[in-house]
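Chains S and V supply the protein sequences, listed in that same order. At the far end of the first sequence sits residue 246, using the numbering used here, and the numbering has no gaps. At the far end of the second sequence sits residue 176, using the numbering used here, and the numbering has no gaps.
If you are wondering where the hints come from, they were derived from the structure by calculation, not from laboratory data.
Selected chain S positions facing chain V (in silico; Cβ < 10 Å):
hint, residue
1, Asp46
2, Thr47
3, Gly100
4, Lys134
5, Asp157
6, Ile159
7, Asn165
8, Leu211
9, Leu224
10, Trp229
For lysine to any residue, the following SDA-like pairs were computed, each having C-alpha atoms within a straight-line distance of at most 20 Å:
hint, chain 1, residue 1, chain 2, residue 2
11, S, Lys177, V, Phe140
12, S, Lys213, V, Ile174
13, S, Lys166, V, Pro127
14, V, Lys142, S, Ile167
15, S, Lys177, V, Gly138
16, S, Lys213, V, Thr125
17, V, Lys171, S, Leu215
18, S, Lys177, V, Asp141
19, S, Lys169, V, Arg130
20, S, Lys166, V, Asp141
21, V, Lys142, S, Asp221
22, S, Lys213, V, Arg130
23, S, Lys204, V, Gly173
24, V, Lys142, S, Thr175
25, V, Lys142, V, Ser128
26, S, Lys109, V, Tyr137
27, V, Lys116, S, Ala223
28, S, Lys166, V, Lys142
29, V, Lys150, V, Gly138
30, V, Lys142, S, Ala223
31, S, Lys109, V, Gly138
32, S, Lys213, V, Gly173
33, S, Lys213, V, Leu170
34, S, Lys166, V, Glu139
No residue lacks a Cβ here, since even glycine has one placed at the ideal position from N, Cα and C.
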Amino acid sequence: MSSILITRPEHDDTTYYLSHWSKEIIALADQKGIHIFDLNREKAVKLEVESRLKKSYPNLVILNGHGNDTTVTGHKNEPLISVGENESLLKSRIVYAISCKSAKVLGPKSIDAGALSYTGYDDDFIFMYDPNKISKPCSDETAKLFLSHSQRFTESLIKGNTVKESFSRSKNILRENLMKSLSSDSKDNALTRYLWWDLTHFVSHGDLNAAIS
Amino acid sequence: MKEHISEDLKELVIVRLETLPSDRKVSIGAYGEFDKEELIQHVKKGDEIGSKIVEVELEFLRALKEGIVA
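Using the sequences and the hints, build the whole thing.
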């Protein structure tokens, strides 16, 4: 039976948005009968992540949080997975990190350590949002331009598509949002630079034919 | 991008940042969340965050020039 591990810290605006935009993914997995290990807020810490990875063998690991070249962090920026420390725990897993830069070094190192695939961003992940929508992040149309592709990527994986198919669909969403923004006369036009940045730095490593099943 | 940012380049980026909506914020990963005025201040200071903002602008302008985005 498939299972998913997801980390959802919520200690600042960025992580709060990423966490709430993951809720539909959790609901979809639930509908599909896929067990979810949801490490939300103070549960998104290294001890919990390592314990789940060692004992529960999730097929898909979704890491929401901050990061750098070598690390993805969780609650209050505690490092969860770091190069040279515990990336081997991602062995045989499909990994998606919605965090800055981790696909630059941690991604390839995870593949070296046996992860099936690692998708994420090889530089900073940038998004715009409407602070007036902070209480309802999923209704924020500005944030949607930046986060809908990410949601689509994991939805596609949960539906059994390969990383390659999911990544391609996800990139197309981001590209469509970019073109929509670029051709807009509204203030969305000014957001294009950041959509372009994310599109350029969204990458996938490893076996792109991998799928959760 | 760690090299010194010229005053001309800062001016160009600031003019472009002025087109951002004032009622939105930008999340730049671990650097944090910034409104338009805060972005402009970082560019003026030429600090690490300002350098990142300049890098993003230049990458986009380059893509426009090369016809990748159009």
